[in-house]
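Visitor: Modelling step: build the complete structure from the supplied sequences, incorporating the hints.
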Amino acid sequence: MAASLAGNKPQELFESQKLALAYFAVAIILFGAQLVFGLIAAYQYINPDFLLDKIPFMTNRTLHVNAMIVWLLVGLMGGVYWFLPLETGREVVGIRLAKFIWWVIVAGVSVVILVYLFVQVGPGNAFTLWFINEGREYIEAPRWADIAIVAWVAVFLYNVIATALAARRITGLLGVLIFDLVALGALYTAGMHYTVNVTMDQYLWWWVVHLWVEATWEVLVGVLMGWSLMYLLGTPRKLIETWLFLEVALVFGTGILGLGHHYFWIGTPEYWIGLGGFFSALEPLPLVAMVVHALYDAGAHRLNTVNRPAVFWAIAQAFGNFIGAGVWGFMQTLPQINMYSHGTQLAAAHGHLAFFGAYLGTVLTLIYIAVQNARRPMQIPLDSKYWSWAFALMILGIIGIAGSFTISGFAQTMIERAELGSTWSAFIRSYTHPWYANTLGWRFLFAWVFVAGYLVLVYDLLTIGKRKEGYAA
Amino acid sequence: MDYSWIQIAVAAIFFSVVITLVLSRGYGWLSPTFWRNAAVVSSLIMTFILLWLTLDTADQVRPGSGRIPDWTVINYEIRLVWDGAKRRQVPAVGRETGFFGKKWTRQEAYDLINKGKMTLQSRNCMECHQILGNGAYYATDLTRAWLDPWWEERIMPLTGAKTREEAMMAWLKNPPAMPQGRRKMPNLHFSDEELKALIAFLKWMSAIDTNGFPPRFAVAQ
Ligand code: HEM
Ligand code: HEM
Ligand SMILES: [Fe+2]
Numbered sequence: 002m003a004a005s006l007a008g009n010k011p012q013e014l015f016e017s018q019k020l021a022l023a024y025f026a027v028a029i030i031l032f033g034a035q036l037v038f039g040l041i042a043a044y045q046y047i048n049p050d051f052l053l054d055k056i057p058f059m060t061n062r063t064l065h066v067n068a069m070i071v072w073l074l075v076g077l078m079g080g081v082y083w084f085l086p087l088e089t090g091r092e093v094v095g096i097r098l099a100k101f102i103w104w105v106i107v108a109g110v111s112v113v114i115l116v117y118l119f120v121q122v123g124p125g126n127a128f129t130l131w132f133i134n135e136g137r138e139y140i141e142a143p144r145w146a147d148i149a150i151v152a153w154v155a156v157f158l159y160n161v162i163a164t165a166l167a168a169r170r171i172t173g174l175l176g177v178l179i180f181d182l183v184a185l186g187a188l189y190t191a192g193m194h195y196t197v198n199v200t201m202d203q204y205l206w207w208w209v210v211h212l213w214v215e216a217t218w219e220v221l222v223g224v225l226m227g228w229s230l231m232y233l234l235g236t237p238r239k240l241i242e243t244w245l246f247l248e249v250a251l252v253f254g255t256g257i258l259g260l261g262h263h264y265f266w267i268g269t270p271e272y273w274i275g276l277g278g279f280f281s282a283l284e285p286l287p288l289v290a291m292v293v294h295a296l297y298d299a300g301a302h303r304l305n306t307v308n309r310p311a312v313f314w315a316i317a318q319a320f321g322n323f324i325g326a327g328v329w330g331f332m333q334t335l336p337q338i339n340m341y342s343h344g345t346q347l348a349a350a351h352g353h354l355a356f357f358g359a360y361l362g363t364v365l366t367l368i369y370i371a372v373q374n375a376r377r378p379m380q381i382p383l384d385s386k387y388w389s390w391a392f393a394l395m396i397l398g399i400i401g402i403a404g405s406f407t408i409s410g411f412a413q414t415m416i417e418r419a420e421l422g423s424t425w426s427a428f429i430r431s432y433t434h435p436w437y438a439n440t441l442g443w444r445f446l447f448a449w450v451f452v453a454g455y456l457v458l459v460y461d462l463l464t465i466g467k468r469k470e471g472y473a474a
Numbered sequence: 017m018d019y020s021w022i023q024i025a026v027a028a029i030f031f032s033v034v035i036t037l038v039l040s041r042g043y044g045w046l047s048p049t050f051w052r053n054a055a056v057v058s059s060l061i062m063t064f065i066l067l068w069l070t071l072d073t074a075d076q077v078r079p080g081s082g083r084i085p086d087w088t089v090i091n092y093e094i095r096l097v098w099d100g101a102k103r104r105q106v107p108a109v110g111r112e113t114g115f116f117g118k119k120w121t122r123q124e125a126y127d128l129i130n131k132g133k134m135t136l137q138s139r140n141c142m143e144c145h146q147i148l149g150n151g152a153y154y155a156t157d158l159t160r161a162w163l164d165p166w167w168e169e170r171i172m173p174l175t176g177a178k179t180r181e182e183a184m185m186a187w188l189k190n191p192p193a194m195p196q197g198r199r200k201m202p203n204l205h206f207s208d209e210e211l212k213a214l215i216a217f218l219k220w221m222s223a224i225d226t227n228g229f230p231p232r233f234a235v236a237q
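Those sequence lines, one after another, are chains W and P. Quick note on numbering: the first sequence equals residues 2 to 474 in the numbering used here. Quick note on numbering: the second sequence equals residues 17 to 237 in the numbering used here.
Hints listed in this document are in silico derivations from the structure and should not be mistaken for laboratory results. Owing to the predicted nature of the structure, the values given are computational and were not obtained by experimental measurement. Backbone N, C-alpha and C fix where the C-beta goes; we use that ideal spot for every residue, glycine too. Be aware that one or more of the hints could be misleading.
Restraint ranges, calculated between C-beta atoms of paired labels, are given here [what the hints assert, rightly or not]: (1) W:337 to P:38: 33 to 39 Å; (2) P:39 to W:120: 53 to 59 Å; (3) W:187 to P:30: 25 to 31 Å; (4) P:101 to W:196: 39 to 45 Å; (5) W:148 to P:122: 30 to 36 Å; (6) W:196 to P:108: 33 to 39 Å; (7) P:100 to W:50: 43 to 49 Å; (8) W:187 to P:27: 41 to 47 Å; (9) W:127 to P:205: 15 to 21 Å.
Computed footprint of chain W on chain P; a stretch qualifies when at least three of its residues, placed anywhere within it, have a C-beta under 8 Å from a C-beta of chain W [unchecked claim]: (10) 41-52; (11) 63-71; (12) 74-85; (13) 88-94; (14) 105-111; (15) 114-125; (16) 175-182.
No farther apart than 27 Å at their CA atoms in a straight line, the calculated lysine-lysine pairs in the DSS-like style are these [to be verified]: (17) P:118 to W:55; (18) P:212 to P:131; (19) P:131 to P:189; (20) W:55 to P:200.
Guide: In structure tokens:
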């Protein structure tokens, strides 16, 4: 077999890997857009008149979270296009179709962004939901874009299945990947409908939101980190696949019914309080397993690797996933606590840490692996002066942002909910309380630390591995 | 539902473990085969339970079936009352009041609330507010907005409106003109039709039984 997963010598890039590089480039650009709109939203918290009638808060926030979902998904899919030819030992089947749909998606995403930014809202009818904005957090994308996204995932799934069939090779990793992608695509369609019954609306909305980030994305990341560890540390396949199966058993075994932690208060029956609380409290288990796995692998090799930034991001991913999703999620998942904390800034603290740890960490690991192979001569081990600055600044930044949200979240929970009875006046009194109001400036300050980290990251990705010395290709 | 959540949870775990063990006879618990079986079995069992509970939930949340009010609830007074047995607030429907000075038939009420829901989505309310506790955190939770004492205490005197629905209408026409607190809601240029519909939707939503969320609503002022 020509291709191999171990990253110890340069290889010609497959077409699919060149496509992956395009995916990563777009991901990094959208990441920048996410930060710009996050900064504006954070500043509007400090100065509510800022751009009030030009780009109101809801528009900035929509762009912030939508850019995030898209760039992380693009990054994860890019990782599959990167590793698939190495796993199957051949070019990806249907690569021309894959390239075609990719440019359709890039054009589509651009149109959606422009419409969000310049049209923003529409009249209260079906036209708006089809062409401007669906008005449902995270999946605002208008219906036409939903259909394009489903077509995109379908082509992607076809690429994976057809390549595995053509190579006559179904490994454990490929099996899990296919199983997971089918679920991921199918779940998205659960969010593509309108109903006046707001309880049923949110019931199915969570099938996309929760069953993506706490089930199917988590497993997709398990597959990609499996390949990454084989590349970075040469971990044996049998070990990787056994751990992966264990993770899938625990992630799906707890996360599917853990969905119930979003069904405590939306009008759904009471049995969800017990079921959701119980299964979601177990959701951190697989995340602990992932930390043990990553540390065991890295320790077994004394951090001896072909690519230092990628290994650091991989370890940060394991810890960040556990702390952000596991610890900050567990903190508010028991119904006795969630009754008071639900819908406060505490959820945003958890959202930032979890997305950063679990998904941003994975995508940056993948990108550093790809960058190493895209440069000639290939540098082994990949290293630079700058990546560690980007790493440290971004981690410091997100801890500061999430820390601020945690404090304002506790203050809001106590003052608005527990003490004052959850009304409009209680809300105003919580956000004008110094324990809440003071966090806004801190959050903004740490946001700039994060942005500094982003800028160093971009510079590093453009230059790392371009030094003369390196493995002679 | 004939089963308690504990029975469902125990059964889910019991069957996942037993079926995995039976399928994996002859393989040690450290072998990939054992964990592959565990992954497939637990995913299928949990998915199956989710689908089954979804059927039950969908049935219990039909408007008018108990937890979710019928559309005509907008014609009545709505209050939150303390339920001693459940130890939480539950919505209660009181005397007939009409809505915007008229009694709405079931079909009219449905059309109005439906238009209100579309208006809510078209203006992206959820990216500042929460609906049933979900959304952004820049503005108030709208679950019980209809029942908020602020309308009577502050907005009715400010706008000179006679009823709560008229006060909401007057304020939502141009919120930045009458800012409340530090944060401002932008003018979303609602038409009168849209506002009437939106307020109907909020009134209907305020009568949903949310298991007591948001806690102690308007109890301690
Ligand atoms: C990588 C995995 C995860 C990600 C990316 C993630 C992300 C999020 C986000 C963004 C929200 C806010 C949703 C909204 O806007 O309304 C949320 C809510 C929540 N998450 Fe997670 N989460 C993850 C894993 C977990 C885990 C493992 C747990 C439990 C142990 C958990 C517990 C919760 C709870 C209880 C809420 C609801 C908060 C509320 O009531 O307002 N999450 N999650
Ligand atoms: C410059 C850095 C950033 C700033 C200033 C920022 C600011 C904000 C603000 C102001 C919100 C709205 C909170 C609200 O609704 O009240 C928000 C939401 C959110 N941001 Fe960020 N953010 C930044 C970076 C990030 C990063 C790096 C991620 C993830 C990788 C992220 C993920 C999210 C998520 C998931 C939400 C929705 C949270 C929820 O609904 O619970 N943000 N952000
Ligand atoms: Fe969840």
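Visitor: CA of residue 118 of chain P to CA of residue 55 of chain W, is that 27 Å or under?
Guide: violated, 38 Å
Visitor: For the hint 33 to 39 Å, verify it against the beta carbon of residue 196 of chain W and that of residue 108 of chain P.
Guide: Given about 26 Å between the Cβ atoms, the range is violated.
Visitor: Mind checking, does the region 88-94 of chain P have 3 or more residues with a CB under 8 Å from chain W?
Guide: Three-residue rule not met by the region 88-94 of chain P, so violated; n is 0.
Visitor: Look at the Cβ atoms of residue 337 of chain W and residue 38 of chain P and judge whether their distance stays inside 33 to 39 Å.
Guide: Given about 37 Å between the Cβ atoms, the range holds.
Visitor: Against chain W, does the region 63-71 of chain P show at least 3 residues with beta-carbon separation below 8 Å?
Guide: As far as the region 63-71 of chain P goes, the hint holds, because 5 residues have Cβ atoms under 8 Å from chain W.
Visitor: Kindly confirm whether 30 to 36 Å is satisfied by the beta carbon distance between residue 148 of chain W and residue 122 of chain P.
Guide: Hint holds: Cβ distance 34 Å, inside 30 to 36 Å.
Visitor: Is 53 to 59 Å respected by the C-beta to C-beta distance linking residue 39 of chain P and residue 120 of chain W?
Guide: With Cβ atoms ~54 Å apart, the hint holds.
Visitor: Using C-beta distances, would you say chain W covers the region 105-111 of chain P, given that this needs three or more residues below 8 Å?
Guide: Coverage by chain W is violated for the region 105-111 of chain P (0 residues, Cβ < 8 Å).
Visitor: Given as covered by chain W, does the region 41-52 of chain P meet the bar of three residues or more with CB within less than 8 Å?
Guide: holds (count 5)
Visitor: Count the residues of the region 114-125 of chain P whose CB lies closer than 8 Å to any CB of chain W, then report whether that count reaches three.
Guide: Since three or more residues must qualify, the claim that chain W covers the region 114-125 of chain P is violated, with 0 doing so at under 8 Å.
Visitor: Between residue 127 of chain W and residue 205 of chain P, does the C-beta distance stay in 15 to 21 Å?
Guide: Hint holds: Cβ distance 19 Å, inside 15 to 21 Å.
Visitor: How about the region 74-85 of chain P: do at least three of its residues have a C-beta closer than 8 Å to a C-beta of chain W?
Guide: It holds: at least three residues are needed, and the region 74-85 of chain P offers 7 whose Cβ sits within less than 8 Å of chain W.
Comparing the model with each numbered hint stated earlier shows that hints 4, 6, 8, 13, 14, 15, 16, 17 do not hold.
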